[in-house]
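Chains as they are written, first to last, in my numbering: chain D, 1 to 331; chain C, 1001 to 1290; chain W, 2001 to 2333.
Bear in mind the hints are in silico, worked out from the structure with no lab data behind them. Among these hints, one or two may not hold up.
Stated by the list, open to error - List time: in silico EDC-like cross-link candidates among lysine to aspartate or glutamate, alpha-carbon distance up to 16 Å: (1) 2255(W) - 2300(W); (2) 2273(W) - 232(D); (3) 261(D) - 2267(W); (4) 2134(W) - 2118(W); (5) 256(D) - 2266(W); (6) 261(D) - 2266(W); (7) 118(D) - 129(D); (8) 256(D) - 2300(W); (9) 2152(W) - 2137(W).
Stated by the list, open to error - Some chain C residues well away from chain D (every beta-carbon gap over 12 Å; in silico): (10) 1019; (11) 1023; (12) 1112; (13) 1135; (14) 1146; (15) 1182; (16) 1191; (17) 1200; (18) 1255.
Said to hold, decoys possible - If you want a taste of the chain C side facing chain D, the calculated C-beta under 8 Å gives, among others: (19) 1172; (20) 1180; (21) 1181; (22) 1184; (23) 1185; (24) 1187; (25) 1188; (26) 1190; (27) 1195; (28) 1203; (29) 1207; (30) 1208.
Here the structure is a predicted model, which is why all the values come from computation and not from measurement. For each residue, glycine too, the CB sits at the ideal point set by N, CA and C.
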Amino acid sequence: MTHSVQAAPENPSLVVRDLKVHFGGGKAVFSRDRPVVHAVDGVSFSVPGGRTFGIVGESGSGKTTTALAIMRLVPITAGSVTLNGEEISAYEGRELRQSRRNYQIVFQDPYSSLDPRKRAAQIVREPLDLMNIGNPRERDERVSELFTQVGLRPEQKALFPHQFSGGQRQRLGLARALSTRPGLIVCDEPVSALDVAIQAQILNLMARLQADLGLTYLFISHDLGVVQHICDEVAVMYLGQIVEQADRVALFSEPKHPYTKALLAAVPSVHATERDRRNRVRLAGDPPSPINLPKGCRFASRCPMAEERCRQSSPPLEDRGGGHKVACFLA
Amino acid sequence: MTDHAAPALKVQHPLTEMAAMFFQNRSAVAGLALLISILLFTFVGPYLYPTDPFEMVWTPLSFPGEEGFLLGTDYLGRDILAAMMAGGQVSMAIGLAAAVISVVIGVSVGAFAGYYGGVVEEALMRFTEFFQVLPTLLFSMVIVALFGASLLTVTLAIGVVSWTAVARVTRSEFLRIRELEYVSAARSGSARDGYLIFRVILPNALPPIIVQANLMVGSAILFEAALSFLGLSDPNIMSWGQVIGSNRPYILDAGFAVAIPGFAIFLTVLAISLIGDGLNDALNPKLRQR
Amino acid sequence: MERAPLLSVTDVVVDFKTRHGNARVLDQVSLAVESGEILGIVGESGCGKSMTALSIMGLVPDPPGKVTSGSIKLGDRELVGMDQEGLRRIRGKDIGMIFQEPMTSLNPVFTVGEQIAESLRQHENASPKAAMAKAVDMLRAVEIPEAEARAKAYPHQLSGGMRQRVMIAMALACGPKVLIADEPTTALDATVQAQIFDLLQDLQQETGTAIVLITHDMGAIAELADRVVVMYAGRVVESGSVRDVLSRPRHPYTKGLIACVPHLEEEPGPVRKELLEIPGVVPALTDLGAGCAFAPRCGEVMPKCRQQKPVLTEAGDTQCVACWAVHEPAAAS
């Protein structure tokens, strides 16, 4: 089956409904039974085409698993993922492979995300070859075009990944993700492994590519500064669930959930004054493990405001006006 | 701004780099030189010294140097130098063929176990452990005794009992590499399982497998010698182990007849393991980048 | 009369032999740590900030590395050229160090209590019982709940934040004069990082231990440090009080480093601005040339920058800068 290289579909949008990803729980024949890890536990959101949706959270919050589940790289336990009206979570086999041209991913680690045995051009071309998009000459042209788009020089096509710097590797990762002209790019911490000066180069490149190509980004990060900079709407995750979701301005200027407040307060800032530092909320302890989840609000054990009812039942994610959603009884 | 001054741009193929790394390692180069000499001796030697290794040429068990026979004669009065040349060809061919067999079996078992995991892995690894706990020499003796002592059965017997190490190495490499992001990247680029196993993971898993295979050649040569020593090989084919095995009763009177092929085996295995160590370093990208 | 600083590093040069030639990893690095202060060293990877810490600890891997020249003094003791036994006594006793990844710095087969006690026994000849009691005290001092029970835990049984607290307890057990913290919170989550920062600040105020904080994060510097040293390609390019450097950075690299990070704002505007970029990448240390190493990426570059390395010179009350555009602005126009 051959496809010609064609333009991206207009205004794609991603809809995630009640997504659940649970790991383990299987019975092993010869070893111990593994406990169930509720990595993602009922996550719903939608992203309008051409916008950037950010997911922030600490390790164990399930943000990366959410990204991988949407990419169909980890098995989905329950829920649905719909892209441009196509329910990609229902696809399997050949259908799934064909649908992959519409959504691609950029990984965090620019070192482990590129096959060390393949040359740069081959890496960028690989999805075109695998999906049989265009004829060989068209694919070569596409690779050249992509190299220019992400700011790499044509003579670098013959190099191996270890001959590139971290920032250049991430440009290669972007070029590979863009090769099939997807509408959605899932970015899993794309700049957190890079030096700060290189971060800015990649973030600006991503913003430029979005403006030029009308891309939709799902942007996963633990860095609130980066998320504030690049995202239109932001969801805060804690232990597999969204605890607060709002547009960029509302979330950062009027955070409602105590966890969001603590997360914002924890960011070391070059602007903060001495007084700011003394007055802020500090969380004690570490997040509980996603294996033995409490029955009430998952944040209750670390929450400075927790009451009895927080420990008894878990608060639903409710719209508090203007699309600002919070899952907290007390907010 | 899209310009970035690239760091020192040297288009060097990884293979070139590996070769450079290999040749920096003196003991590996010595091993390679030694192996080449042995190969020249066994494969080119017979043309320069055309003596039939099965022909009785002089008094049995005469000492090296006597009557122009550089390495002396064996218990049947056959020229040991000619036997060393002919036997070397067989020993090395068996070593290589047995290593190939064990790599093919080992890589397939290890790759599928490591890639698919779960039940497939459990089944394949229990199967591997079954072969691992068998006393290898005894098991190969049983195979040879059952199917007769031909070159083919000896080679197969050695291959069948020694693939487990390769399987374990391959599996552990697959387990590690399949979690790396470039594998996920290829999968989201719509790659099938076969592509992921053979085109993405296997090439990156090769270095330790190559080293293991290399050592396998050495151990296969030793294995063949052990079988011959026990009289479990084709008496019509000369091999180093055969020379040792057949002269074994006369070891007190004519130790050289056993020591010479023993020394040849020692040198060959040494050369191969030196090369294996060198390859191990050369194929390790972390060492290469220093 | 001026008091000699607690720890002074003067004109230290460290060279590494590589396959691509000699790499000058540290080039004329000078800095001083006063007792009771927190000094931040900031820069991108490969700028030499970690190597500075290793050379203070006498841990420069040799070969391929070597402290070619310069002097490192702790009080009036010279550390460069000191024998391994002397350095070993100073490490842990007078200078403590904590690393980025606490899991790999702790021995997995001993309990954390045993590991802290071990260092006390080595450096202070404490009896096993007294050492263990002190170890539990130290765990309490770093605010580990149920310290007695946790002393019996193995490293893998603790969370990342707890492990870093254990590392801090171990580093501080012998009451060192200087604590070197190399990216102590990079592997931790934001809320846990904030806890560790608070802890370091509290401990520093209680014990008066000087801290050298090595980080890539200007925010962490602003949060914790009193003075800051900015490094680039093995050289110090700017130093001064944190307030001055952050409010009035003089070196173009420092300016870029502050401006290129998207800082969290409390009232973000609806319009997204483009971030300022420092173009290009950090140069290879094997071919730095004669001029300023930052010249190829610098927006204010002048012909002189490519010919001669600028020297670190005073520029303001607390600041020192190594930049021709600051010292000889006339030449720029």
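Given the proposed pairing of residue 261(D) with residue 2266(W), does the C-alpha separation stay at or below 16 Å? Status holds; Cα separation ~11 Å.
Hint check, residue 1185(C) versus chain D [nearest Cβ-Cβ separation less than 8 Å]: Since the shortest Cβ distance to chain D is 6 Å, the answer is holds.
May I ask you to check that residue 1255(C) keeps its beta-carbon over 12 Å from the closest beta-carbon of chain D? holds, 51 Å
Taking the closest Cβ pair, is residue 1190(C) under 8 Å from chain D? holds, 4 Å
Should the label of residue 1146(C) as a non-interface residue stand, given a Cβ cut-off of 12 Å to chain D? Since the minimum Cβ distance to chain D is about 32 Å, residue 1146(C) lies beyond 12 Å and the statement holds.
If I take the minimum Cβ distance from residue 1191(C) to any residue of chain D, is it greater than 12 Å? violated, 5 Å
Residue 1023(C) non-interfacial with respect to chain D [C-beta, more than 12 Å]: holds, 20 Å
Close enough to count: is the Cβ of residue 1188(C) nearer than 8 Å to one in chain D? Holds, because the Cβ-Cβ distance from residue 1188(C) to chain D comes to roughly 5 Å (cut-off 8 Å).
Check the non-interface label on residue 1112(C): least C-beta distance to chain D beyond 12 Å or not. holds, 17 Å
When the nearest CB of chain D is found for residue 1172(C), is that gap smaller than 8 Å? violated, 17 Å
Can residue 1180(C) be said to touch chain D, with a Cβ gap under 8 Å? This interface hint holds because 5 Å falls under the 8 Å limit.
Hey, does the residue 1203(C) contact hint survive, CB to chain D under 8 Å? Constraint on residue 1203(C) satisfied, holds at 5 Å.
Hints 8, 15, 16, 17, 19, 29 and 30 from the list above are not met by this structure, while the remaining hints are.
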